[in-house]
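Novice: So you can see what is in the structure, the chains are spelled out below.
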Amino acid sequence: MPAHFQNVVPLYAAPYIGTKLYGCGEKAVDMEFENILSQLLKQDENRMNMRGEEMKENVQKEEHTHENAQEKMTEKMPDKMPEKQYTRGAEMGDLPCEAPIGMTYTPWQRKGSPRYTAGEALDRGTLWPGLELPWKNNFNVRSVANTPLGEVQALDFALVELALYLDTHPDDTEALRLFRQYVKAYQDKKAAYAKKYGPLEKTQAGEGDRWNWIDNPWPWEYTDRR
Amino acid sequence: MFEYEKKLQYPVKIKRTNPALAKFIITQYGGPDGELAASIRYLSQRYAMPYPELKGLLTDIGVEELGHFEMIGAIVHQLTRDMSIEEIKKNGFDTYFVDHTAGIYPQAASGTPWTAAFIQSKGDTITDLVEDMAAEQKARTTYDNILRMVDDPDVADPIKFLREREVVHFQRFGEALRLVTERLDSRNFYAINPSFDRALGK
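Same order as they appear, the protein sequences are chains R and P. The numbers in the numbering used here rise by one with no breaks, and the one at position 139 of the first sequence is 793. The numbers in the numbering used here rise by one with no breaks, and the one at position 31 of the second sequence is 381.
These aren't lab readings, by the way, just hints derived from the structure by calculation. Please note that a few of the clues may not be correct.
[As the list claims (entries may be wrong)] Some chain P residues judged to face chain R by a derived CB distance under 8 Å, without partners named:
{"no.": "1", "residue": "K356"}
{"no.": "2", "residue": "Q359"}
{"no.": "3", "residue": "R366"}
{"no.": "4", "residue": "D410"}
{"no.": "5", "residue": "G423"}
{"no.": "6", "residue": "A424"}
{"no.": "7", "residue": "F447"}
{"no.": "8", "residue": "D449"}
{"no.": "9", "residue": "I469"}
{"no.": "10", "residue": "K472"}
{"no.": "11", "residue": "D474"}
{"no.": "12", "residue": "K510"}
{"no.": "13", "residue": "F511"}
{"no.": "14", "residue": "N538"}
[To be verified] With a cut-off of at most 25 Å between alpha-carbon atoms, the simulated SDA-like pairs for lysine to any residue come out as follows:
{"no.": "15", "chain 1": "R", "residue 1": "K765", "chain 2": "P", "residue 2": "Y401"}
{"no.": "16", "chain 1": "R", "residue 1": "K765", "chain 2": "P", "residue 2": "R533"}
{"no.": "17", "chain 1": "P", "residue 1": "K357", "chain 2": "R", "residue 2": "W762"}
{"no.": "18", "chain 1": "P", "residue 1": "K472", "chain 2": "R", "residue 2": "Y759"}
{"no.": "19", "chain 1": "R", "residue 1": "K790", "chain 2": "P", "residue 2": "A506"}
{"no.": "20", "chain 1": "P", "residue 1": "K488", "chain 2": "R", "residue 2": "T771"}
{"no.": "21", "chain 1": "P", "residue 1": "K363", "chain 2": "R", "residue 2": "K765"}
{"no.": "22", "chain 1": "P", "residue 1": "K365", "chain 2": "R", "residue 2": "T771"}
{"no.": "23", "chain 1": "P", "residue 1": "K357", "chain 2": "R", "residue 2": "P871"}
{"no.": "24", "chain 1": "R", "residue 1": "K843", "chain 2": "P", "residue 2": "G417"}
{"no.": "25", "chain 1": "P", "residue 1": "K357", "chain 2": "R", "residue 2": "Q697"}
{"no.": "26", "chain 1": "P", "residue 1": "K405", "chain 2": "R", "residue 2": "K843"}
{"no.": "27", "chain 1": "P", "residue 1": "K357", "chain 2": "R", "residue 2": "T771"}
{"no.": "28", "chain 1": "R", "residue 1": "K849", "chain 2": "P", "residue 2": "F352"}
{"no.": "29", "chain 1": "P", "residue 1": "K357", "chain 2": "R", "residue 2": "L832"}
{"no.": "30", "chain 1": "P", "residue 1": "K357", "chain 2": "R", "residue 2": "P802"}
All C-beta atoms in this analysis are idealised placements derived from N, C-alpha and C, irrespective of residue type, glycine included.
The whole structure should be built from the sequences, with the hints applied where relevant.
Specialist: Structure, rendered in structure tokens:
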């Protein structure tokens with residue numbers, strides 16, 4: 655293989671040429687990836703025409719066509735790269751091949767993980783006891799959800815936590831069901847609160863004869879009212 | 351779009367004015383690992399995210415961080431209410447006071463104003479998610495350090511709440527990275543950038 659050729663074949667693509675792509679174990683990598691890679695290769699092939707001293711000379715000597723370059727490439731590249739070149743990333747660490755070296759590995763939070771109630775969740779900053787990892791094991795236990803607004807905040811917080819969980823576990827039907835239950839409870843509680851203490855969102859404002867959206871206190875103002 | 355809800359995510363009810371605490375807690379308002387930086391980072395990075403789970407997660411966490419930005423603002427505001435000049439001078443709040451009175455300004459504890467240089471939006475899915483995981487840990491450490499110096503439970507409780515959110519977000523970003531890598535070749539995750547090279551496949 656001529657020296658210039660080694661320089662122009664993209665390093666990332668070299669081990670895949672003429673081979674089938676596999677992910678972890680026997681799982682085949684999706685076709686999209688293979689398509690992308692083949693297009694990248696084509697691009698680099700075109701670039702290859704422009705690079706390398708020897709190639710430059712060839713361009714000057716003769717009309718260097720795309721077909722010409724491709725022909726050279728297939729001629730020089732072996733059908734299959736030597737076996738040792740396939741062992742990279744996967745199967746090189748001491749975790750299963752889903753957790754290859756050269757990449758961080760975060761375990762999935764399991765479906766059906768234990769949960770706090772909405773009120774406890776607000777106190778502790780998470781709905782999930784498994785994720786509660788406080789500084790110096792100093793757990794937040796003071797209850798803040800036992801006020802009218804605290805009840806609304808607790809239900810809203812449960813929705814925030816479930817939404818983040820569902821973003822990465824969109825097919826967890828039990829969590830979906832729970833989310834919808836909390837939505838109902840939240841809407842009821844929020845409407846009852848607004849009726850008594852004033853609007854939490856603009857659509858709840860303007861019921862009386864003045865624009866009560868602007869009424870004090872605003873959220874950053876501490877009063878004993880709530 | 352965004353719609354305001356007239357409530358904090360977690361209650362902030364501080365009885366005692368204490369500018370000495372406000373002086374360093376302000377760093378989570380506008381400092382390098384603060385809530386504003388977190389929000390702007392995620393809400394900006396999401397445009398380059400190639401998969402629906404990631405667009406959802408970056409949006410939802412970015413929005414939650416805006417709520418945390420508001421909580422820190424409330425904490426600093428309540429710690430600096432009704433300060434006397436005597437208290438301001440005694441607690442070393444004079445350097446902040448002279449520029450901002452008792453207004454809330456996004457700056458680090460050192461006085462450095464908030465800057466987009468605190469964040470990155472690299473347009474590479476793996477790079478951005480690893481930055482996000484690091485950002486959550488940096489914020490967690492900052493909250494640890496704040497807790498080392500705060501003895502008022504009215505202040506420590508909301509800080510502990512915010513600190514715990516960093517841990518949860520770290521887990522979610524880690525899962526997001528799994529969602530990315532499981533769509534790539536485990537022999538070489540870095541063969542392509544799915545948020546850029548992906549377009550070639552279309």
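Novice: Run the structure past the numbered hints and jot down the numbers of the failing ones, going up.
Specialist: 3, 7, 8, 9, 10, 11, 17, 20, 21, 22, 25 and 26
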